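**Student:** As given, the protein sequences belong to chains A and B, one line each in that order. Taken in order, the first sequence gives residues 1 to 436; the numbers are from full-length UniProt numbering. Taken in order, the second sequence gives residues 1 to 436; the numbers are from full-length UniProt numbering.
Rather than coming from a laboratory, the hints here were simulated on the basis of the structure. Note that the structure is predicted; figures quoted are calculated from it, not measured. Take these hints with a grain of salt, some might be off.
The list treats identical chains as interchangeable, and a pair is accepted whether it falls inside one copy or across any two copies.
SDA-like cross-link-like pairs, simulated, lysine to any residue; straight-line CA separation at most 25 Å [what the hints assert, rightly or not]:
no., residue 1, residue 2
1, 328, 346
2, 284, 392
3, 328, 344
4, 284, 187
5, 34, 395
6, 328, 412
7, 34, 319
8, 284, 342
9, 34, 172
10, 284, 35
11, 34, 418
12, 328, 279
13, 284, 172
14, 251, 335
15, 34, 86
16, 328, 32
17, 284, 178
18, 34, 88
19, 34, 412
20, 251, 346
21, 34, 171
22, 284, 176
23, 34, 85
24, 284, 12
There are 2 protein chains.
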Amino acid sequence: MHLGAFMRPTTIHTGAWRFPGAFPDANFNFTHLKRFAQTLERGCFDAFFMADHLAVLNMPMEALQRSHTVTSFDPLTLLPALAAVTERIGLIATASTTFEQPYLIARKFASLDHLSNGRAGWNIVTTSNPDAALNFGQDAQMDHGDRYRRGREFYDVVTGLWDSWADDAFLRDVEGGRFFDPARLHVLDHQGEFFRVRGPLNVARPVQGWPVIVQAGASDAGRQLAAETAEVVFAGGSTLADGQAFYRDMKQRAAAAGRDPAHLKILPGCFVVIGDTLQQAQDKRALLDSLVHYQSGLASLSIAIGHDASGFDPDAPLPPLPPSNASKSGQQRVLDMAARESLTVRHLAQRLGGYAGVAMVGTPTMIADTMQEWIEQEGSDGFNVMFSDLPAGLDDFVGQVVPELQRRGLFRTAYAGTTLRDHLGLPRPGNRFFPA
Amino acid sequence: MHLGAFMRPTTIHTGAWRFPGAFPDANFNFTHLKRFAQTLERGCFDAFFMADHLAVLNMPMEALQRSHTVTSFDPLTLLPALAAVTERIGLIATASTTFEQPYLIARKFASLDHLSNGRAGWNIVTTSNPDAALNFGQDAQMDHGDRYRRGREFYDVVTGLWDSWADDAFLRDVEGGRFFDPARLHVLDHQGEFFRVRGPLNVARPVQGWPVIVQAGASDAGRQLAAETAEVVFAGGSTLADGQAFYRDMKQRAAAAGRDPAHLKILPGCFVVIGDTLQQAQDKRALLDSLVHYQSGLASLSIAIGHDASGFDPDAPLPPLPPSNASKSGQQRVLDMAARESLTVRHLAQRLGGYAGVAMVGTPTMIADTMQEWIEQEGSDGFNVMFSDLPAGLDDFVGQVVPELQRRGLFRTAYAGTTLRDHLGLPRPGNRFFPA
Ligand SMILES: Cc1cc2nc3c(=O)[nH]c(=O)nc-3n(C[C@H](O)[C@H](O)[C@H](O)COP(=O)(O)O)c2cc1C
Ligand SMILES: Cc1cc2nc3c(=O)[nH]c(=O)nc-3n(C[C@H](O)[C@H](O)[C@H](O)COP(=O)(O)O)c2cc1C
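For reference, chain A alone in the conformation it holds in the complex:
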């Protein structure tokens, strides 16, 4: 079983910066990030995983100004620093194929892989936030299909550049005076629909051959890109039944693409809230949600139900809703959530404005039970954990859930290898230009 930590400096939950004991300044305080990464490494996590976004203004200002998620370190700047203060944990950075250049991305991830002795991973995203385009000279977001075709070609160029040098190209023959062997250098000369890139890369082949490829696309095009290229799929959270369907679909797509399905790891994101008792965990979540400003939660609720919720009585249950064309399934999800936990309009707004994806809320034993069930029932190969609050939520997970998983023989008690590929049980890719 594999565990990634899906990190935001103050967690993904928009109220978490106000939680007792939180570090509200963590977005730009490296000391805190270092502490988190080192604790995760003590917990033998496979990877520290950093999300990324290329714009700010994608929420109404009323909500935006109350959220700590608005700014943070650039992942490809943060992770090298974390590499220098950790030894084993993998380091996965998100980078966009829509707004970056393949030559630059290839050398940055290759450099990170060398710096970290083989611990780099690249989360390929095509960037769905439409506002990002405005920061890159474009009037509007590129079409979804174009984004994914560009993403596929981007991947081909980057992996081709990583293969510029054979693993044994650098002779460093001090006596003879030859630094490298020109016969072990390949000039890519890529010409495609979106890119023309000559190469070679001015960085040696990465320690891992290629950094680990991660992908989180949900659409058909996204799944297909993942099936063809990804080694880790970061699935959106859902029920076990949905998870199993996604798991089967992805493994089948990988096989159809001629790959070994075992080399595609499915790690759904899950939001974890830990308590000594179930009640304590639920209270903790309620406290967390209560820290979301009602006005900003209302915006999320209105979007989710496809209907302006600002006139509703905040302390009453959700009134009967007119049908919505915009988001039938979104509306149903909210209705189910309200029914299951008897939530008022205020609670629902705060839940949706905070974090509304799948959550595991309970004692360490209960959380381990759920994780075990997902693994045993082929719902996933592990999880990308989102901590409810930092630092305590992370410390509790490493201190209480990890030992429980270890006791059950589900999770490593020490790193067996040194690279992220070692941790994930992934093979080192051969060099397409210099076969073994």
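Since the structure of chain A is already known, use the hints to place chain B with the ligands on it.
**Tutor:** Frame of chain A; chain B with the ligands shown alone:
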């Protein structure tokens, strides 16, 4: 007096990887880089300065395969890692305005500045290597004038993005629930000849306001860009008289651009070879040059004299040369060098193939004398030191030259401040959208 270290993992000299005691694998061995940076910090250097190039194939293969300078870490990936293992030394990364995107560069340098608590600097280059264009979908290098106009606009966008947030924008008011003050956020909305960038940046204003701006352009356009924007100018080495002329020119240009000339520091690059005696230093340089392969040196010599040198007797003095239109001044420089040091064709070839810029070769006292003369005669405000060999050349500089400069009261004995601006005596720029 200010000291930067102009670093390549195995020095700028193409024979240095073969020097006794060198680390031939340093290009991708972070342990060595960490050692260098920490030693420089013990020596109170202002900054660790990392060059950058965006292509490999800009030399004939005969020379290329013998040079360790062909590949190395991406600077913006290396420097965050060095930030995590140092406390005070400045960290200057080279980044190209011709091939990068301003939104990405703004957030990377801002992130580095936050990570390092205010130690970032950006060496703005327009990238003169024509091969780089081929890695970015272009058939040929952009015109020199266009490169510099794009560079100037790029700078405007990046500094504008750094000013997206007032220094006090982030309230982090846990009680009231407001993370930032929308009135202290500026949307840039830049529309120019080369870029359209809405903003705001998704990173808080850098610790230093703006990272320190460095520039090394030599042409008129390059000098003008530096006069308008740079705070450190990395001058090419030359004689003291040339240095004085450059110094005067740059200070005057800065004043003409309405700036305080004291806020533009001129730091020529100089290659330093240290010995216990002058003879020892000269022998060391001769040994270093002898490690350059004759064939690769010949290519450099032929270019410098504008004439194929492969038919010359390697062990004789340079024969009389036919006049060259291509490089009259280059030819004269070689003739002067040959006469001054009685160099044979082989020596000249190896000197030019190794490192042929201005060098300080001698005892620590002699080197301190020369540096003192440059400072006192207004030839520079300090130096960007290129070490002859690593690690010994760096250790010798920090262990022998720095103490001599300190004894003379020319160089600090401890860092007085914490940021690169503090070290350089540069003011923190105000925010153009939120004046104090
Ligand atoms: C758990 C998870 C994390 C994600 N992280 C990012 C991210 O950091 N940056 C980003 O631009 N998109 C991120 N995405 C969005 C996906 O890359 C993708 O755009 C989204 O799932 C929609 O799928 P589609 O692009 O296939 O339509 C994430 C998605 C999921 C499910
Ligand atoms: C000491 C020194 C270091 C330089 N370092 C770099 C570098 O790392 N990357 C780069 O592309 N250019 C570098 N340059 C080149 C300059 O940016 C500039 O292109 C060159 O001096 C020619 O001047 P011009 O561009 O004004 O014509 C350097 C120049 C000097 C003098």
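**Student:** Hint by hint, note whether the structure agrees.
**Tutor:** Hints versus structure:
In this assembly of identical chains, the alpha carbons of residue 328 and residue 346 lie at most 25 Å apart only when taken from the same copy (21 Å versus 80 Å across copies). In this assembly of identical chains, residue 284 and residue 392 lie within 25 Å of each other by CA distance solely inside one copy; the values are 12 Å within and 58 Å between copies. Taking the shortest alpha-carbon separations for residue 328 and residue 344, only the intra-copy value of 20 Å comes in at or below 25 Å, while the best inter-copy value is 84 Å. Taking the shortest Cα distances, residue 284 and residue 187 never come within 25 Å of each other, neither inside one copy (56 Å) nor across copies (37 Å).
Within a single copy, residue 34 and residue 395 get their C-alpha atoms as close as 13 Å, which meets the 25 Å cut-off; across copies the closest is 30 Å, which misses it. In this assembly of identical chains, the alpha carbons of residue 328 and residue 412 never lie at most 25 Å apart, being 42 Å within a copy and 69 Å across copies at closest. In this assembly of identical chains, residue 34 and residue 319 lie within 25 Å of each other by CA distance neither inside one copy nor across copies; the values are 46 Å within and 62 Å between. In the homo-oligomer, the alpha carbons of residue 284 and residue 342 lie at most 25 Å apart inside one protomer (17 Å), although the nearest pairing across protomers, at 81 Å, exceeds that limit.
Within a single copy, residue 34 and residue 172 get their C-alpha atoms only as close as 35 Å, which misses the 25 Å cut-off; across copies the closest is 21 Å, which meets it. In this homomeric assembly, residue 284 and residue 35 come within 25 Å of each other (Cα to Cα) only inside a single copy, at 23 Å, whereas the closest approach across copies is 46 Å. In this assembly of identical chains, the alpha carbons of residue 34 and residue 418 lie at most 25 Å apart whether taken from the same copy (19 Å) or from different copies (20 Å). In the homo-oligomer, the alpha carbons of residue 328 and residue 279 never lie at most 25 Å apart, since the shortest distance is 32 Å inside one protomer and 85 Å across protomers.
Only between protomers do residue 284 and residue 172 lie at most 25 Å apart by alpha-carbon distance; the minimum there is 21 Å, versus 58 Å within a single protomer. For the identical chains of this complex, residue 251 and residue 335 are neighbours neither inside a copy (32 Å) nor across copies (70 Å), given an alpha-carbon limit of 25 Å. In the homo-oligomer, the alpha carbons of residue 34 and residue 86 lie at most 25 Å apart both inside one protomer (8 Å) and across protomers (14 Å), since each shortest distance falls under that limit. When the C-alpha separation of residue 328 and residue 32 is checked against a cutoff of 25 Å, the pair qualifies neither within a copy, at 41 Å, nor between copies, at 59 Å.
For the identical chains of this complex, residue 284 and residue 178 are inter-copy neighbours only, at 21 Å across copies versus 63 Å inside a copy, given an alpha-carbon limit of 25 Å. Taking the shortest alpha-carbon separations for residue 34 and residue 88, both the intra-copy value of 14 Å and the inter-copy value of 18 Å come in at or below 25 Å. Only within a single protomer do residue 34 and residue 412 lie at most 25 Å apart by alpha-carbon distance; the minimum there is 22 Å, versus 31 Å between protomers. Taking identical chains as interchangeable, the C-alpha atoms of residue 251 and residue 346 are never at most 25 Å apart, the minima being 40 Å within one chain and 63 Å between chains.
For the homomeric pair residue 34 and residue 171, the shortest alpha-carbon distance between copies (24 Å) is at most 25 Å, but the shortest distance inside one copy (36 Å) is not. Only between protomers do residue 284 and residue 176 lie at most 25 Å apart by alpha-carbon distance; the minimum there is 20 Å, versus 67 Å within a single protomer. For a Cα distance limit of 25 Å, the shortest separation of residue 34 from residue 85 qualifies both inside one copy, at 7 Å, and across copies, at 12 Å. Taking CA atoms no more than 25 Å apart as the test, residue 284 paired with residue 12 passes inside one copy only; the shortest distance there is 16 Å, against 58 Å between copies.
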